[in-house]
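**Q** Residues per chain, in single letters:
Protein chains: 2
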Amino acid sequence: MSNLIIAQSGGPTAAINATLLGVIQKAVTSGKIDKIYGALHGIKGLLAEEIIDLGPMMESTENMTLLSHTPAAALGSCRYKLKGDPEEYGKIISILKKYGAGYFVYIGGNDSMDTVAQLSKYCRENGIDDIKVMGAPKTVDNDLCETDHTPGFGSAAKYIATTFAEIYRDISVYDMPAVTIVEVMGRHAGWLTAASCLAGINGQGAPGLVYIPEIPLTEEDFISHVQEKLKETPYLCVAISEGIKGPDGVLYSEKQESKGTDAFGHKMLSGAGKYLERLISRDIGCKVRSIELNLMQRCAGHIVSATDIEESKLLGQTALDRALNGVSGEMAAIRRVSDKPYKVVYESVSIDKVANNEKLVPRDWMNEKGNHVNQKMIDYLYPLIQGECNIQYKNGIPMHFTS
Amino acid sequence: MSNLIIAQSGGPTAAINATLLGVIQKAVTSGKIDKIYGALHGIKGLLAEEIIDLGPMMESTENMTLLSHTPAAALGSCRYKLKGDPEEYGKIISILKKYGAGYFVYIGGNDSMDTVAQLSKYCRENGIDDIKVMGAPKTVDNDLCETDHTPGFGSAAKYIATTFAEIYRDISVYDMPAVTIVEVMGRHAGWLTAASCLAGINGQGAPGLVYIPEIPLTEEDFISHVQEKLKETPYLCVAISEGIKGPDGVLYSEKQESKGTDAFGHKMLSGAGKYLERLISRDIGCKVRSIELNLMQRCAGHIVSATDIEESKLLGQTALDRALNGVSGEMAAIRRVSDKPYKVVYESVSIDKVANNEKLVPRDWMNEKGNHVNQKMIDYLYPLIQGECNIQYKNGIPMHFTS
Numbered sequence: 006m007s008n009l010i011i012a013q014s015g016g017p018t019a020a021i022n023a024t025l026l027g028v029i030q031k032a033v034t035s036g037k038i039d040k041i042y043g044a045l046h047g048i049k050g051l052l053a054e055e056i057i058d059l060g061p062m063m064e065s066t067e068n069m070t071l072l073s074h075t076p077a078a079a080l081g082s083c084r085y086k087l088k089g090d091p092e093e094y095g096k097i098i099s100i101l102k103k104y105g106a107g108y109f110v111y112i113g114g115n116d117s118m119d120t121v122a123q124l125s126k127y128c129r130e131n132g133i134d135d136i137k138v139m140g141a142p143k144t145v146d147n148d149l150c151e152t153d154h155t156p157g158f159g160s161a162a163k164y165i166a167t168t169f170a171e172i173y174r175d176i177s178v179y180d181m182p183a184v185t186i187v188e189v190m191g192r193h194a195g196w197l198t199a200a201s202c203l204a205g206i207n208g209q210g211a212p213g214l215v216y217i218p219e220i221p222l223t224e225e226d227f228i229s230h231v232q233e234k235l236k237e238t239p240y241l242c243v244a245i246s247e248g249i250k251g252p253d254g255v256l257y258s259e260k261q262e263s264k265g266t267d268a269f270g271h272k273m274l275s276g277a278g279k280y281l282e283r284l285i286s287r288d289i290g291c292k293v294r295s296i297e298l299n300l301m302q303r304c305a306g307h308i309v310s311a312t313d314i315e316e317s318k319l320l321g322q323t324a325l326d327r328a329l330n331g332v333s334g335e336m337a338a339i340r341r342v343s344d345k346p347y348k349v350v351y352e353s354v355s356i357d358k359v360a361n362n363e364k365l366v367p368r369d370w371m372n373e374k375g376n377h378v379n380q381k382m383i384d385y386l387y388p389l390i391q392g393e394c395n396i397q398y399k400n401g402i403p404m405h406f407t408s
Numbered sequence: 006m007s008n009l010i011i012a013q014s015g016g017p018t019a020a021i022n023a024t025l026l027g028v029i030q031k032a033v034t035s036g037k038i039d040k041i042y043g044a045l046h047g048i049k050g051l052l053a054e055e056i057i058d059l060g061p062m063m064e065s066t067e068n069m070t071l072l073s074h075t076p077a078a079a080l081g082s083c084r085y086k087l088k089g090d091p092e093e094y095g096k097i098i099s100i101l102k103k104y105g106a107g108y109f110v111y112i113g114g115n116d117s118m119d120t121v122a123q124l125s126k127y128c129r130e131n132g133i134d135d136i137k138v139m140g141a142p143k144t145v146d147n148d149l150c151e152t153d154h155t156p157g158f159g160s161a162a163k164y165i166a167t168t169f170a171e172i173y174r175d176i177s178v179y180d181m182p183a184v185t186i187v188e189v190m191g192r193h194a195g196w197l198t199a200a201s202c203l204a205g206i207n208g209q210g211a212p213g214l215v216y217i218p219e220i221p222l223t224e225e226d227f228i229s230h231v232q233e234k235l236k237e238t239p240y241l242c243v244a245i246s247e248g249i250k251g252p253d254g255v256l257y258s259e260k261q262e263s264k265g266t267d268a269f270g271h272k273m274l275s276g277a278g279k280y281l282e283r284l285i286s287r288d289i290g291c292k293v294r295s296i297e298l299n300l301m302q303r304c305a306g307h308i309v310s311a312t313d314i315e316e317s318k319l320l321g322q323t324a325l326d327r328a329l330n331g332v333s334g335e336m337a338a339i340r341r342v343s344d345k346p347y348k349v350v351y352e353s354v355s356i357d358k359v360a361n362n363e364k365l366v367p368r369d370w371m372n373e374k375g376n377h378v379n380q381k382m383i384d385y386l387y388p389l390i391q392g393e394c395n396i397q398y399k400n401g402i403p404m405h406f407t408s
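Sequences listed follow chains A and B, in order.
The working numbering applies: residue 6 is where the first sequence begins, and numbers increase by one.
The working numbering applies: residue 6 is where the second sequence begins, and numbers increase by one.
Heads up, some of the hints might be wrong.
[Unchecked claim] Residues from chain B that face chain A, not an exhaustive set, calculated with beta carbons under 7 Å:
# : residue
1 : Gly81
2 : Thr167
3 : Met181
4 : Gln209
5 : Leu256
6 : Ser275
7 : Gln391
8 : Tyr398
9 : Ile402
[Claimed, not checked] Only pairs whose alpha carbons sit at most 27 Å apart, straight line, appear in this in silico DSS-like list of lysine-lysine:
#  : chain 1 : residue 1 : chain 2 : residue 2
10 : A       : Lys381    : A       : Lys399
11 : A       : Lys126    : A       : Lys234
12 : A       : Lys86     : B       : Lys292
13 : A       : Lys399    : B       : Lys292
14 : A       : Lys381    : A       : Lys358
15 : B       : Lys86     : B       : Lys364
16 : B       : Lys88     : A       : Lys292
17 : A       : Lys348    : A       : Lys381
18 : A       : Lys49     : A       : Lys358
19 : A       : Lys126    : A       : Lys364
20 : A       : Lys345    : B       : Lys399
21 : A       : Lys103    : A       : Lys126
22 : A       : Lys234    : B       : Lys49
23 : A       : Lys358    : A       : Lys96
24 : A       : Lys399    : B       : Lys96
25 : B       : Lys399    : A       : Lys381
26 : A       : Lys292    : A       : Lys374
27 : B       : Lys126    : A       : Lys49
28 : A       : Lys40     : A       : Lys126
29 : B       : Lys358    : A       : Lys399
30 : B       : Lys103    : A       : Lys292
31 : A       : Lys399    : B       : Lys236
32 : B       : Lys358    : B       : Lys348
33 : B       : Lys49     : A       : Lys292
34 : B       : Lys126    : B       : Lys88
35 : B       : Lys345    : B       : Lys399
36 : B       : Lys381    : A       : Lys49
37 : A       : Lys49     : B       : Lys234
38 : B       : Lys86     : B       : Lys292
39 : A       : Lys364    : A       : Lys348
40 : B       : Lys292    : A       : Lys88
FYI, nobody ran anything at the bench for these hints, they're computed from the structure.
The beta carbon of each residue, even a glycine, is placed where N, CA and C say it ideally should be.
All chains, please: the whole structure from these sequences, using the hints.
**A** Next up, the structure:
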């Protein structure tokens, strides 16, 4: 019998707690784990020995059910990258040993998988084989390699598809030309922005143009695409990633820098959507507005994807299961076997292939002009937003897990 | 037997179609209406004779159920104020007569109630007593007089409360001081912003500061309130109305004007939230971000308030019912009889008391400092967000009514 420490890291999602639940469930049912600890605020909290016994939290079944779809990390998070300092590695190992932890599961995105990579390498190189370090993926951005997709992405995609459908209805009530630009998260990868197209899955309104960071966009092309689309419809919705850039590599979100300062003397940076809004205003002159989905898209626990929540839980279970089988330095992952019917298997993959890599949208999943998705993307995205969780409401708002 | 024309106007909401459904239901069950027409794009569409027979639309019961919580105006909308021109009045009347309409129900906000007022006055003054003109209220802003609250407000309030609860969870995962400003709709009235406080109804996170347009705010007070709150909690959420202003009456959203132009030579106007974000950045220096709930707050059909949808339907029924009883120039309204238990009655009120008036938040529903709500506001808001509708999903996103 050995103990387990779990931690969460990186940007919150609506599914990261489902993975936490999965790890806990596996720990309980395996019969091989004695105490289950949580390190608060990720590896930073572990280093500071902010460690709590998760036992009391697990006493209420109702509360644990709420945990599966309560947004944001229940154990807190951090944005902390290990510095490659052997002393720091040693400190982490000594804290894990102090708590009798034979297993450490770290749930997070790119930076967190780098932590898993560094830590497991340190153990390997120093003959520490009684501590298994495993990663469980998480990121709304869906940019982790070696896994078909990542926990949190499906729920964010469902929120985005639903919200675009609602925004489209809102903007289509007037009969005059208007462009609505909606900015979606994604600095380097356009997965979330692509998900906006699912708004049209029932034959209703969806974005007419979709721009992702992977495909450079000139201002001239943008204006000409918009003008073309406005000939087909008076209400045009344009989906853009926050990280779209020009052929010169300059981010649209940083283009504001060119002129002017705000009332406090700072450079005015107001995002890619705002920039394109002003561009349309100048070059086309029609009504135009820009909207950011901001934090809402990653924390909308009230409209999670049941597929995402279930898979996130299973990935947590897989991570610990593999560790219990002696594996270390890997990340639990999903491999897709088929689209129709949707079928996946759970496995674990070498962390070195995951850490510090990014999975971008393949060029041939977008149309030729690079301003919309094609069927390959739709087939990929479709299964990930399927299914609804039974959200419990109290006093008119969704109930959340309480620690 | 006579015919009926219905139209919708003003900004979309998640409940305006429930009112449309209520009017249709009353028309069908009354046995006193022959044909039911819809004028597309409000009074503007009526003037252009964009009139459709709603008969075919009503054939599918399933579709009509979807209508009740499909966001945005199914008949389209307009922002068109009658110019007080007798010729225009005459044209409207002649079109109503051409379609055999003895009843015209206009669903909308302030401007629409002004249309009802002008039109019914014209009828009264010109002895036209075979056309009854009635208003049905609608506005997320909740700023119509003579009714306890307005359709669409409860659903927007439910979305806002839910979203603030989720945002709070998101921002509270890190352990460093951070301020998150969330900008809510409301140019003159702070009702929607006040609804953010319901996020804390289950004892969880809610905004620590709440600013509404009714109470002028100095920059000094704002900074001192934020500093004070940051002593209590590292994660501070601040709710503001888009229309907050200083004691000089200048809108925070227009303060950017003082310096600089964008890359296109235009004045930089980026909203009250952005301005306050920069102010905190300069004067406090902690992490700060601002978020706008934008269109999402008024069109979130997937999380409507069942109370709001039911009341909206009943207001539509009431409007036509009163017209069928010979009333003209009034607006259907809700009178609250008690908070606990929540009890309302449906009535109609003189349109002249409604048109061109605004119902603002009473000063004594906010705390002494003017930076948060008090119990009076909570008691008022609480019943309006209660209950959930059974939203039907297809292919992973909510189904909408199709015309």
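**Q** Each hint should be assessed against the structure and marked as holding or not.
**A** Each hint, compared with the structure:
1. Gly81: Cβ of glycine 81 of chain B sits 5 Å from chain A, so the hint holds.
2. Thr167: Holds, because the Cβ-Cβ distance from threonine 167 of chain B to chain A comes to roughly 5 Å (cut-off 7 Å).
3. Met181: Violated, about 9 Å.
4. Gln209: With Cβ-Cβ at 6 Å, under 7 Å, it holds.
5. Leu256: violated (14 Å)
6. Ser275: holds (5 Å)
7. Gln391: holds (5 Å)
8. Tyr398: holds (6 Å)
9. Ile402: holds (5 Å)
10. A:Lys381 <-> A:Lys399: Roughly 41 Å separates the two Cα atoms, so the pair is violated.
11. A:Lys126 <-> A:Lys234: Violated, at about 53 Å.
12. A:Lys86 <-> B:Lys292: Distance ~19 Å between lysine 86 of chain A and lysine 292 of chain B Cα, so the pair holds.
13. A:Lys399 <-> B:Lys292: Given that 27 Å is the threshold and the Cα spacing comes to 32 Å, the pair is violated.
14. A:Lys381 <-> A:Lys358: The hint holds at about 25 Å.
15. B:Lys86 <-> B:Lys364: holds (20 Å)
16. B:Lys88 <-> A:Lys292: Answer holds: lysine 88 of chain B to lysine 292 of chain A is near 23 Å, not above 27 Å.
17. A:Lys348 <-> A:Lys381: With Cα atoms ~16 Å apart, lysine 348 of chain A and lysine 381 of chain A stay inside 27 Å; holds.
18. A:Lys49 <-> A:Lys358: Measuring from Cα to Cα gives roughly 24 Å; hence the hint holds.
19. A:Lys126 <-> A:Lys364: It holds: about 23 Å lies between the C-alpha atoms, which stays within 27 Å.
20. A:Lys345 <-> B:Lys399: Cα-Cα ~17 Å, so holds.
21. A:Lys103 <-> A:Lys126: holds (20 Å)
22. A:Lys234 <-> B:Lys49: holds (25 Å)
23. A:Lys358 <-> A:Lys96: holds (26 Å)
24. A:Lys399 <-> B:Lys96: This hinted pair is violated, its Cα atoms lying about 51 Å apart.
25. B:Lys399 <-> A:Lys381: holds (20 Å)
26. A:Lys292 <-> A:Lys374: It holds: about 25 Å lies between the C-alpha atoms, which stays within 27 Å.
27. B:Lys126 <-> A:Lys49: Distance of about 70 Å is beyond 27 Å: violated.
28. A:Lys40 <-> A:Lys126: holds (25 Å)
29. B:Lys358 <-> A:Lys399: violated (37 Å)
30. B:Lys103 <-> A:Lys292: violated (35 Å)
31. A:Lys399 <-> B:Lys236: violated (30 Å)
32. B:Lys358 <-> B:Lys348: Given that 27 Å is the threshold and the Cα spacing comes to 23 Å, the pair holds.
33. B:Lys49 <-> A:Lys292: Since the Cα atoms of lysine 49 of chain B and lysine 292 of chain A sit roughly 19 Å apart, the hinted pair holds (cutoff 27 Å).
34. B:Lys126 <-> B:Lys88: holds (14 Å)
35. B:Lys345 <-> B:Lys399: Status violated; Cα separation ~38 Å.
36. B:Lys381 <-> A:Lys49: The hint is violated at about 43 Å.
37. A:Lys49 <-> B:Lys234: holds (25 Å)
38. B:Lys86 <-> B:Lys292: violated (45 Å)
39. A:Lys364 <-> A:Lys348: holds (21 Å)
40. B:Lys292 <-> A:Lys88: holds (23 Å)
Of the numbered hints stated above, those contradicted by the structure are hints 3, 5, 10, 11, 13, 24, 27, 29, 30, 31, 35, 36, 38, listed in ascending order.
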